[in-house]
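Mind docking chain B on chain A? Use the hints.
Each chain, written out:
Number of protein chains: 2
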Amino acid sequence: MKLEETKLSSTEIFDGVAIHLFKDEILLPNGNKGVREVIRHPGAVCVIPITEDGDVIFVNQFRYAFNKVTLEIPAGKLEKGEDHLEAALRELSEETGLSAKNVVPMGELYTTPALIDEVIYMYLATDLTEGEQHLDEDEFINTIKIPLTKAVEMVMNGEIRDSKTQIMILKADKYLNNK
Amino acid sequence: MKLEETKLSSTEIFDGVAIHLFKDEILLPNGNKGVREVIRHPGAVCVIPITEDGDVIFVNQFRYAFNKVTLEIPAGKLEKGEDHLEAALRELSEETGLSAKNVVPMGELYTTPALIDEVIYMYLATDLTEGEQHLDEDEFINTIKIPLTKAVEMVMNGEIRDSKTQIMILKADKYLNNK
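Chains A and B are the protein sequences, given in the same order. First residue of the first sequence? That's 1 in my numbering, and the numbers climb one at a time after it. First residue of the second sequence? That's 1 in my numbering, and the numbers climb one at a time after it.
One chain only, chain A, in its complex shape (with noise of 0.2 Å):
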């Protein structure tokens, strides 16, 4: 089966903080015309840190779409032209206080495919040292220690939901695991 959809035109509906959202007037498979909401992202990273006594070092931020705090693993987005190695380095220092003399690419996640172009780049940090968090002035972030054999448990009973977060402990566990 002919799966390819063709752009006829796009129309910018909305230019937030945070999303980028067009309207796009498409040309299906079977010769229909059809219409593709999409939102444009500019890419992200994360990383998952993991001390040398197997502790993974996450986050606890307010999500408000889910109108409650969530646990993550250190992300954000890219900046403008910056380099996904230096960009996972630098919200993990931001978000954690952490440096890593030893980082990993560990592959790259697609979070939403049927709305989103966003690309997330994977990375496992470790050889660590600590350091101060710093923060925006408008953002809230609590780092929370959980050793790696416990969140891999909280990934498999359903308690961790975020999805880079349950790929990250999975696919680090079984990488270090695997060595």
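Please keep in mind that the hints were generated in silico from the structure rather than gathered at the bench. Be aware that a few hints might be false.
[To be verified] DEER-style ranges, computed between Cβ atoms:
| no. | chain 1 | residue 1 | chain 2 | residue 2 | range |
| --- | --- | --- | --- | --- | --- |
| 1 | B | Gly-31 | A | Thr-126 | 36 to 42 Å |
| 2 | A | Glu-25 | B | Glu-79 | 22 to 28 Å |
| 3 | A | Asn-178 | B | Gly-131 | 33 to 39 Å |
| 4 | B | Asp-127 | A | Glu-25 | 39 to 45 Å |
[Unchecked claim] Calculated pairs, DSS-like style, for lysine-lysine (alpha carbon to alpha carbon, straight line, at most 30 Å):
| no. | chain 1 | residue 1 | chain 2 | residue 2 |
| --- | --- | --- | --- | --- |
| 5 | B | Lys-23 | B | Lys-77 |
| 6 | B | Lys-77 | A | Lys-77 |
| 7 | B | Lys-174 | B | Lys-101 |
| 8 | A | Lys-77 | B | Lys-7 |
| 9 | A | Lys-77 | B | Lys-23 |
| 10 | A | Lys-101 | A | Lys-150 |
| 11 | B | Lys-145 | B | Lys-101 |
| 12 | A | Lys-145 | A | Lys-101 |
| 13 | A | Lys-101 | A | Lys-80 |
| 14 | B | Lys-33 | B | Lys-2 |
| 15 | A | Lys-33 | B | Lys-68 |
| 16 | A | Lys-174 | B | Lys-145 |
| 17 | A | Lys-68 | B | Lys-23 |
| 18 | B | Lys-2 | A | Lys-145 |
| 19 | A | Lys-174 | B | Lys-174 |
| 20 | A | Lys-7 | B | Lys-77 |
Quick caveat, the model's predicted, so the values are computed rather than measured. Even for Gly, the Cβ is constructed at its ideal location relative to N, Cα and C.
Positioned in the frame of chain A, the structure of chain B alone reads:
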């Protein structure tokens, strides 16, 4: 550190086919005012179907946001008032023609908590019976069979990028091999 934010007001920006966007004024934990752009979503289900021989039935689908075909597990939006498990079986049947005698809930995932309140309810389906795919007129999906062991490698080496698909491959592998 206090993390909670409070809604002051909400304005509907766009009520589309797939995207329902709001711009809310909020009170930050430090007393400053802020803005949150948030997409309200009805929720979704995904299901990883695994055959007796240990093969995963994936779907190939064109994702307009990325202008390419992606490899994903069957998934779709909840219909109004629909039971999650029924939705998972409906999407499985529509996209692959499969029915399943054994379906296990595998937790929830938040796709993009910074922007969307979407929750995906995840299921593992086994004891499968083949049938006819029945797509909407303007829906285009091919199925593809890959051994679970190979799919795990494809997550680890970065070939599979969709977030729900990465999570469910790793969770299903861990669940089935720890049994």
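Task: Distance restraint hint 22 to 28 Å, applied to the beta-carbon atoms of A:Glu-25 and B:Glu-79 - done: holds (26 Å)
TODO: Would you mind confirming whether the straight-line C-alpha gap from A:Lys-68 to B:Lys-23 stays at or under 30 Å?
DONE: holds (18 Å)
TODO: For the pair we were handed, B:Lys-145 and B:Lys-101, check the Cα-Cα distance against 30 Å.
DONE: holds (19 Å)
Open item on the list: Can you tell me whether the CB distance of B:Asp-127 to A:Glu-25 sits inside 39 to 45 Å?
Closed with: holds (43 Å)
Task: Agreement of B:Lys-2 and A:Lys-145 with the hint, judged by alpha carbon distance not exceeding 30 Å - done: At roughly 18 Å apart (the allowed maximum being 30 Å), A:Lys-145 and B:Lys-2 satisfy the hint.
TODO: For the pair we were handed, B:Lys-77 and A:Lys-77, check the Cα-Cα distance against 30 Å.
DONE: Roughly 27 Å separates the two Cα atoms, so the pair holds.
Open item on the list: With the threshold set at 30 Å, check whether the alpha-carbon distance from B:Lys-174 to B:Lys-101 stays at or below it.
Closed with: Since the Cα atoms of B:Lys-174 and B:Lys-101 sit roughly 21 Å apart, the hinted pair holds (cutoff 30 Å).
Task: Consistency of beta-carbon spacing, B:Gly-131 to A:Asn-178, with hint 33 to 39 Å - done: holds (38 Å)
Task: Straight-line alpha-carbon gap A:Lys-77 to B:Lys-23, limit 30 Å - done: Judged against 30 Å, a Cα distance of about 19 Å means the pair holds.
TODO: Below or equal to 30 Å on CA atoms is what counts here, so check A:Lys-33 against B:Lys-68.
DONE: Within the cut-off at roughly 18 Å; holds.
Task: Restraint status (C-alpha distance of A:Lys-174 to B:Lys-145 at most 30 Å) - done: holds (23 Å)
Open item on the list: Tell me if the straight-line CA distance from A:Lys-145 to A:Lys-101 falls inside 30 Å.
Closed with: holds (19 Å)
Of the hints listed earlier, there is not a single one the structure fails to meet.
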